[in-house]
Each structure stands twice: as structure tokens, then as C-alpha cells.
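Novice: As a plain string of letters, each chain reads:
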Amino acid sequence: MERLTELVTGHKIPVGQGAEWVFDWLTAYAGALFNALAAGMQAMIDAILFVLTAPHPFAVIAAFMALAYALQRRVLISAGIGLGFLFILNQGYWHETMQSLTLVLAACVVCMGLGVPIGIALAHRPRLYAWVRPLLDLMQTLPTFVYLIPAIVFFGIGMVPGLIATVIFVLPAPIRLTQLGIASTPAALREAAVAFGATPRQLLWKVEMPSALPQIMTGLNQTIMLSLSMVVIAALVGASGLGVPVVRALNSVNTALGFESGLVIVVVAIMLDRLLRFRRTS
Amino acid sequence: MNAIEFDNCSVIFGGRPDRSLDLADEGLDRAAIEEATGQVMGVHDATLEVAEGEIVVLMGLSGSGKSTLLRAVNGLNPVARGDVRVRMGDQMISVPAASRDMLHRLRLNHVSMVFQQFGLLPWRSVADNVGLGMELAGIAKAQRRSRVAAQLATVGLEGWADRQVQELSGGMQQRVGLARAFATEAPILLMDEPFSALDPLIRTRLQDELMELQRQTRRSILFVSHDLDEAFKLGNRIALMEGGRIVQTGTARQIIADPVSDYVADFVAHMNPLDVLTAGDLSARGAGGRAGAGPQAEEAPLSADTPLRQVLAALAEREALPVQGGGVVRRADVLRRLTGR
Ligand SMILES: Nc1ncnc2c1ncn2[C@@H]1O[C@H](COP(=O)(O)OP(=O)(O)O)[C@@H](O)[C@H]1O
Ligand SMILES: [Mg+2]
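In order, the protein sequences belong to chains A and B.
Note that full-length UniProt numbering gives residue 250 to position 250 of the first sequence, counting from 1, and the numbers run on in steps of one.
Note that full-length UniProt numbering gives residue 205 to position 205 of the second sequence, counting from 1, and the numbers run on in steps of one.
Read the hints as simulated data drawn from the structure, not as lab findings.
Built from N, CA and C at the ideal position, the CB exists for glycine as well.
Warning: the hint list may mix true and false statements.
Here are some of the chain B residues that sit facing chain A, going by a computed Cβ distance under 7 Å [stated by the list, open to error]:
id: 1; residue: N74
id: 2; residue: H104
id: 3; residue: R107
id: 4; residue: L108
id: 5; residue: M113
id: 6; residue: G119
id: 7; residue: W123
id: 8; residue: S125
id: 9; residue: L132
id: 10; residue: G133
id: 11; residue: L136
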């Protein structure tokens with residue numbers, strides 16, 4: 001028995017060291033790539049933040065209300081979004097909210113920009129998808145704190161590592177939903193288009209994408225909600241926004257601050273959800 | 001001139017077909033082949049032509065391979081052996097051997113299709129569904145609109161152009177399907193049980209409309225049906241399929257008058273023969289022929305293509321009647337024939 005235990009515990013498989021070795025190797029040899037990536041993302045974040053914070057808050061609120069009406073055609077939703085923003089302004093979290101919205105928007109751009117094409121590619125390659133699925137599961141189940149470490153290693157402290165951590169966590173959602181939508185396009189519709197001479201590209205744009213649109217929009221909605229849920233964790237690697245007061249409240253056991261900032265996050269979540277609810281026109 | 005030619009055409013699903021083909025050649029049925037090779041014999045050794053302007057109906061029980069054979073025409077199913085040729089202008093193109101580009105042109109301009117479950121894109125308007133083929137061919141929007149409008153008028157859907165297809169009833173949806181198929185102006189039309197999903201009343205009406213469209217435009221149509229009356233109503237000729245093989249080809253009259261097997265006989269047994277069989281069919285087999293107690297010479301002979309319905313009316317008065325070109329129809333023979341010999 002003792003020998004057996006010795007056999008199992010005597011030599012620890014170097015999982016942690018292995019990971020560290022990979023990180024070291026990547027920093028040494030792919031450093032330029034990471035720097036370029038970081039610069040690109042920083043530029044995108046700066047641009048979005050500028051657009052959201054340069055105008056007067058009332059102008060931003062009006063713009064969001066107009067957007068809500070354009071998307072949903074319902075005065076009530078538009079008015080609700082206006083009220084939500086006024087509440088945030090009233091609580092004094094305007095700037096933090098805009099910073100978090102920046103992170104969410106940037107994550108949306110990256111996740112949808114990568115997730116939709118990847119989802120389409122996987123839907124067309126079922127065998128590959130079977131291999132990729134465990135990886136997607138891993139990305140979603142690995143505790144988020146674990147990949148904060150390499151995010152810091154590669155990208156330092158600030159909005160960019162926050163964005164990276166968010167993207168890793170969120171990306172599987174749009175990939176999965178896009179894959180589901182494209183793969184569940186009714187075979188009869190695909191066949192009808194092929195019979196009338198559709199090329200693979202026409203098939204994608206005229207049949208598969210419209211058919212998958214509800215799922216892709218759900219993917220967008222989930223991307224936003226999941227990104228928002230990462231706001232607090234992003235704050236741990238130095239991303240500014242609504243996560244910062246939450247972390248501060250936690251550290252100082254400040255109930256009032258914690259409840260305030262938590263409520264603001266919930267309000268933002270509800271507003272974004274209502275803003276982007278997808279209804280197929282019937 | 002033929003529009004479609006099947007030449008010993010076999011379709012096998014699932015992998016390299018060599019062994020399945022050998023077994024099929026030996027005459028094994030689908031279940032035995034699947035047991036031996038794990039492959040599904042969709043169609044074996046089918047030979048059939050569709051002449052230009054003709055409607056040929058593929059008929060048979062569910063699973064007999066009708067759709068499989070039909071779908072070989074526009075390359076939706078691969079052909080394992082044999083050939084399918086389709087007319088493109090003044091030449092016959094082999095579909096299995098066609099290049100990707102050739103197949104693309106064939107689908108855009110030469111062969112179009114109507115589906116049992118309509119196959120309409122539910123997020124599109126009626127007009128955009130009808131214009132699908134033209135859109136895929138890259139025809140400009142303005143030109144499309146006028147052709148779509150004209151096509152919608154021919155199927156009685158003017159004024160519905162901007163509705164969503166989901167708002168339409170089944171019969172109207174299939175009219176959209178017909179309009180979509182006719183809009184590409186392809187001379188060859190594949191129709192896979194297009195009316196089976198519809199109510200009997202609507203079905204009959206659409207059959208009539210199809211016959212009217214066919215009178216105007218003279219397409220070459222390969223039509224799949226499991227409904228005997230539909231097949232006999234629409235088809236110039238009928239090919240009966242059983243277990244992946246064509247067992248008999250001919251006009252409705254030929255098949256009813258001379259079924260090659262019990263399967264075919266069973267199939268046509270439920271057919272209403274009144275409008276299909278003619279005096280000629282009944283006299284040709286009439287026992288006794290010219291000799292015996294023939295009718296009086298002064299009686300006017302029936303023409304050979306008089307439908308059975310009229311023959312019966314005439315026989316109500318007499319025991320027997322002469323037929324033009326020789327032969328006699330007797331009441332007793334006809335009655336015996338109708339009650340299953
Ligand atoms: N894509 C396919 N893969 C495997 N088997 C198929 C496929 N399509 C049809 N079959 C099989 O081929 C046979 C003939 O089917 P089908 O042509 O659809 O019959 P029908 O149209 O006469 O009802 C059936 O046994 C069916 O299961
Ligand atoms: Mg079928």
C-alpha cells in the first residue's frame with residue numbers, strides 16, 4: 001500500500017510548471033505580437049471611451065434613447081432607458097458606467113467579430129466542432145481568476161487585460177450559438193436554394209445567416225450580459241469602471257457603496273438587455 | 001427529342017458503392033444489400049426518358065426511390081453508376097460528369113424544382129421568394145420585379161407580393177413554389193409530390209392550374225406522386241417504382257391493361273378505370289373477337305379511344321358493340337374485367 005501511494009505521489013506531473021513554461025516561451029517569442037494586439041485593443045478602447053465621455057451626459061442619454069426607439073419601436077423601452085441613465089447620473093456613477101460600457105462594447109466587437117465567423121466555420125465542419133467543444137467548455141469552466149494571471153503576464157495592468165479576460169470567458173457563447181443557428185438551418189431550405197443554383201457563399205448569406213439570425217442575436221445578447229458580469233473581475237486586473245467601487249466596497253466592507261454600485265450594474269444590465277432584445281418581425 | 005434521359009442509373013448512399021452495385025446486379029433487395037454492406041440502395045438500374053413537353057410521373061410506394069431518382073437530375077444526389085443526361089439548349093449534358101460550373105448553370109437556367117414542403121424562405125416576402133432563382137443568377141432588381149409580378153399573376157397571387165409567406169395558406173404557399181419554379185424559365189421542371197401536403201380540394205385545383213400552365217408553357221416535367229389518380233390525370237406516361245427499381249413504364253392505359261406484376265396490379269387495382277380504359281383496350285382482349293355471335297353489321301362501330309364511361313353507357317342498350325378497326329366489346333367481358341377478372 002505504501003509503495004503504491006509512493007508511486008502515485010512520488011513524482012508530481014508538472015502541470016503548473018508546464019503552463020508557466022508555455023507562458024515564458026510565448027512572452028519571449030511572441031512578445032511583439034502581444035504588443036501589437038494590446039496596442040490595437042487599447043486604441044479601440046480609447047476611441048469608444050472618447051465617444052461615450054466627450055459629449056455631455058444628456059447628449060449620450062438622448063442618443064441611447066433614440067437607438068432604443070430605432071431598434072425596438074417602443075416608447076416605453078426608450079423612456080425606461082432614459083430613466084435608468086438618469087438614475088445612474090443621480091447616483092454619481094456616470095463615468096464608471098461609461099468605462100464599463102466601453103469594456104462591454106469592446107468585448108462585443110471582439111467576441112462577435114471572432115465568434116460569428118468561427119461559429120460558421122465550425123457549423124460547416126462537424127468533425128472539427130466535436131474536437132473544439134471541450135476547448136469551449138474549458139474556456140467557460142476554468143475559474144476566471146486563473147486566466148487573469150497570463151492576461152497580466154502578457155498585457156500588464158489596465159483595460160486591455162480586463163478585455164482579454166472578458167473575451168476568453170465570453171467568446172464561447174457567440175461561437176456556440178452561431179454554430180447552433182447555422183447547423184440547424186432546415187435542410188429543406190438549404191436544398192431548395194441549392195436546387196435553384198446557390199453557390200456556397202450565396203447559401204451562407206441568403207439562407208444560413210438569415211435562418212440563424214435569432215440565435216446570433218441571442219449570442220449578442222449573451223455576449224453583452226456575460227461581459228457585464230466580468231466587470232468586477234476585470235477591475236482586479238486594473239480595468240476601470242463599475243467593478244472598481246465594488247472591489248473597494250468589498251475590501252472595506254462598505255455596505256452602502258457595495259449596494260449602490262451593485263445596483264447600478266444591475267440597472268445597466270437590464271437596460272442593455274431591453275435595448276437589444278431580438279424579435280423577428282411577424 | 002428528349003429533355004431528360006436516365007441510363008441504367010444507380011444511386012447508392014454511403015461510401016464506395018462497388019460491392020452494393022454487384023449485389024444489386026444480382027437482384028438483391030434494399031434490405032439485403034444494407035445488411036451486407038451497410039449502404040442504402042436508393043435507386044438501381046433505372047432507365048427512363050422524358051421527352052420535351054412531356055409529363056412523366058414517377059409513382060410507387062413510400063421509399064420506392066422516387067425522390068432519389070428525381071434528385072439525380074439536378075445533382076442533389078450523386079449517381080453511383082450509369083448516367084443522367086439533361087438537355088441544355090441543343091446538347092445533352094451528363095449530370096454526373098458535369099463540371100461544377102456546368103452544374104451551376106444547369107440549376108440556374110435549365111432545371112427548376114418544386115418541393116413537397118414548399119421549401120420557401122419564411123423570412124422573405126412572397127415576391128422575394130418567387131425571385132430567388134433570378135436573384136441567385138444575378139439578375140438586376142428592377143428586371144426581377146417585373147418578371148415576378150407577371151409570374152405571380154399567372155398563379156393568381158397578384159396583390160400578395162409584399163406579404164410574408166407565413167401569412168399564406170398551404171395552397172397559396174405552393175402557388176408561390178410553382179411561381180418560383182416557373183420564374184426562372186427553366187424548360188425542365190422537377191416536382192417532388194408538390195400537392196401531397198394539400199387538402200384534396202386544393203390539390204385538385206392546383207393540378208388543374210398546373211395543367212393550364214403546362215398548356216401555355218410546354219415544360220418537360222418529371223413529377224413524383226404516390227397518388228394514382230393524380231398520376232393518371234397529369235402524366236403522359238408513368239414509371240412505376242418498387243424498392244428502388246423501375247418495374248413498369250407506359251401510359252396509364254398500358255399499365256392498367258397489362259400490369260407486369262402483382263405489385264403493379266395491386267397498385268392500379270384501386271384506380272378508377274372509367275376515364276382511363278377505352279373501347280380499344282377492352283376489345284383487344286375481348287374473348288371471341290370477330291367470330292361467334294357478333295353484333296349486327298348495321299350498328300355504328302365505336303371509335304377505339306372511346307372512354308369506358310361512354311362504352312358502358314352504350315352497352316346498357318346492347319350486349320355487344322363493334323369497335324372501329326375490328327374487334328367487339330361485350331357487356332359480359334367488360335363487367336368481368338371491372339370486377340377483377
Ligand atoms: N440522403 C440519403 N441517405 C441515405 N439514405 C437515403 C437518402 N435519401 C434517401 N434514402 C433512402 O433511399 C430510399 C428511397 O428513398 P426516397 O427516394 O426518398 O423514396 P420515395 O421518395 O419513393 O418515398 C429510402 O430507403 C431512403 O431511406
Ligand atoms: Mg419522396
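Novice: Against each hint, give a clear statement of whether it holds in the structure.
Specialist: Verification of the hints:
Proximity of N74/B to chain A holds as hinted, the smallest CB-CB distance being about 6 Å (cut-off 7 Å). The restraint placing H104/B at the interface with chain A holds, with a minimum CB-CB distance near 6 Å, inside the 7 Å limit. For the restraint placing R107/B at the interface with chain A, the shortest Cβ-Cβ distance is roughly 4 Å, inside the 7 Å limit, so the hint holds. Hint status for L108/B: holds, given a least beta-carbon distance of 4 Å to chain A, under 7 Å.
Nearest Cβ of chain A to the Cβ of M113/B: about 4 Å, under the 7 Å cut. The hint holds. Residue-level restraint check for G119/B holds (minimum Cβ-Cβ distance to chain A is 3 Å; threshold 7 Å). Against a cut-off of 7 Å between C-beta atoms, the interface hint on W123/B holds, since the closest Cβ of chain A lies about 5 Å away. Evaluation of the S125/B hint against chain A yields a violated restraint, the C-beta minimum of about 11 Å exceeding 7 Å.
Evaluation of the L132/B hint against chain A yields a held restraint, the C-beta minimum of about 6 Å falling below 7 Å. With 7 Å as the threshold, the beta carbon of G133/B comes within range of chain A, its nearest partner Cβ sitting at about 4 Å, so the hint holds. For L136/B, the suggested interface contact is upheld, since its CB lies about 5 Å from the closest CB of chain A, less than 7 Å.
In terms of the numbered hints stated before, the structure departs from hint 8 and from no other.
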